[in-house]
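J.: Listed below, chain by chain, are the residues.
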Amino acid sequence: MKHSTLAKGMALSVAALAMSVGFGSVAKAEVPSWCGPKKATLALLDGYGGNSWRQVTTASGKQTIELCPSITKYEYADGQGDTQKSISDIKSMAAKGIDALVVFGDAGPAVLPAITSAFKAGKVVVPYRVNVGGKEGVNYSKFIGSSFENDGETWGKWIKTNLPKGGNILFLSGPAGNSQGIDELKGMKKVLGKEYVFVNPEPFGVTNWDPALTQKVLTAEIAKNAKIDVIVSDFGPSLVGALPQFTKQGKSIPALATSDGNSLGCFWQENHASNPDFKLFTVATGNDNVRLAVEWAVALATGGEKPKEEIFKAPAFEDSVSGSPKSVQCRKDLPGAIYLSSELPAEAQAKAVGQ
Amino acid sequence: MANGVSMLDNMQTNGVRLPVALARSFVTVSLSTLLLLAVCAFYAPSSVSWGALSGSLPFAAIIAIVGLGQLLVVQQGGVDLSLPGAVSLAVVVATHYPQQQNELLWQAVLVAAGFAVAAGLLNGVLVSIFKLNAIIATIGTNALLYSGVFAVSGGVPSITTPLLADIAGGTTAGLPHSVYFATALMLLVAFVLKKTVIGRRFEAIGASPLAGRAAGLRVRLHQVMAYVLAQLLYCVAGILIAGITREPTAFQGDSLLLPSVAVVVLGGTSLLGGRGFPVSTVVAAFFLNQLSQFALAVGVPFSAQTIIQALALGFGIGVYSIRWRIGSGK
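Line by line, the protein sequences give chains R and U.
For reference, each letter of the first sequence is one residue, going 1351 to 1705 in the working numbering.
For reference, each letter of the second sequence is one residue, going -6 to 323 in the working numbering.
Extracted from the complex, chain R is given alone in its bound form:
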């Protein structure tokens, strides 16, 4: 839908502006160790900012930046899913004299030349979460990835604990061939033996993270497979609308290992009593990945202490069986599209997603 990107973009920038204006100051704590004495300016560059997850992530990044008084100016740009715009955003931020760039490089290696030229111009450049290729110290200052393999392992361990004798797993991820899904599968396969059978097409059921497509895919899989013991999905909230398909076909919703979301937690609380097999386990959905990236960028730009972590590992969040680290969380009074695992307080997230 190339033709609609311009209009999407214009509206998005308005939304982003409204968000940054609307976001009030956060209580200042004492200065963290990664915040050095040197004054610097910082920009957060998003490849695509148009969903609630990104809005919560951006708000989290901004909150982290505000912890460091040495950052004198903060800017945000949204590439609106347009690679050309993402590239020109990076270049124009560098040209404007911003010292540190934290980049969510959705377009992958396509933004590497822009990142490299900013780095060569003496900027601190920290791409995060999406691999843009290149090398540390040559193309950028530091890459802060997210270990999706670690997520897969965490799910695998939970499945092993709760289904020790093996079983049928349905694994759903986003667009065909996305590296996140492939890494997660790798993680799961590390932990799970042959007694665990993946009933989805290799390597995962393609849902594009679209709730309508997820509903269609799940309908087909339920009809096809008499027994699904556990569903693994890397975007839990998009499953919420599809899960009632089990009830419609006269089956209990099975166990679910996924990432968290307020709407999912509330759905579990409403439905677990009538679905005896419905256990829920979530890992944090990873909004806080941006915090580590910002901490690195600030440390390098202001001469602060470098953080110990170099890769973001999403911690386990909810477990309906053991109640540890947390029992299933639900805030009915707040929008479904927020993530209670995020360090950003729930109310601030609600404000960030504009509801």
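For the record, the hints were derived by calculation from the structure and aren't laboratory data.
The beta-carbon is built from N, C-alpha and C at its ideal position, and this holds for glycine as well.
Derived DEER-like restraints, expressed as beta-carbon distance ranges:
#  : chain 1 : residue 1 : chain 2 : residue 2 : range
1  : U       : Gly163    : R       : Lys1510   : 35 to 43 angstroms
2  : U       : Gln92     : R       : Ala1623   : 25 to 33 angstroms
3  : U       : Ile129    : R       : Val1541   : 52 to 60 angstroms
4  : U       : Asp159    : R       : Glu1660   : 46 to 54 angstroms
5  : R       : Glu1425   : U       : Ala34     : 55 to 63 angstroms
6  : R       : Pro1675   : U       : Gln92     : 27 to 35 angstroms
7  : U       : Ala34     : R       : Thr1597   : 23 to 31 angstroms
8  : R       : Ser1467   : U       : Leu168    : 57 to 65 angstroms
9  : R       : Asn1575   : U       : Leu168    : 20 to 28 angstroms
10 : R       : Ser1602   : U       : Asp159    : 17 to 25 angstroms
11 : U       : Leu265    : R       : Glu1693   : 55 to 63 angstroms
12 : R       : Asn1575   : U       : Leu180    : 35 to 43 angstroms
Model the placement of chain U on the given structure of chain R, informed by the hints.
T.: Below, chain U without anything else, positioned relative to chain R:
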């Protein structure tokens, strides 16, 4: 597709054959669908189980409704590329405006319908009065509608209201409500097109605007009407999606543009305008949806799923043109 177009082109110029052609378009698409169902039952029986059918029928209904809208525009020789924006806007208005409060739902529906009429008028005026190319004009309108989507939603999904979930997502006598909506709209469109004066004029103008004008028909009015009614149908589809999916995204219309055109062509309507086949279009929507369910149920990799769909679609159109040649040879 070229075959389908040229075939129908011939058909329009041959007035005597028209009643036969109607039957042919319906029979062909129905036979293709039955054949598909037979293949499904043999190779992927789960895709024709009641559970799978009832789960996927709502999506077939959605494709059918947007297909009917696209049909009206195609009948006037146009094509409506503002469909994604229109559907997405209806979805976000129906979810964001009421914020899960049932009592606000009706207002949201009215607001969505208001947007639909405005967008339809804009398309209609640009294409029929200012004579802009339909593709260009509707792309512009689509961008405008998407800015509306962002203004309403900020790109963020919202959970639907319980009442709408009941109305659109519920079942009566075992059938999803959306199927009743699609059937009722199909009957309405078919009745108006085929059995009313206004419908007959509409088709005549679509077949030849110049002849229509010469006959003293209000060509522009009918053309504008096609765009307005199409938008209203997209609006219904959008509101139904908002009820069927619990937390629809703000871009739910994006995946519907191609199917909407595909079902119109599969249903036997010429992209050059003229006669329309609403019943065949709806059957084609079921065909297309069943095809994707089949591909999913076979359980092959995603790449192969796409190939199966493309082949079957080609086959569907191919069968159509072969039958026509046999018919025209007589």
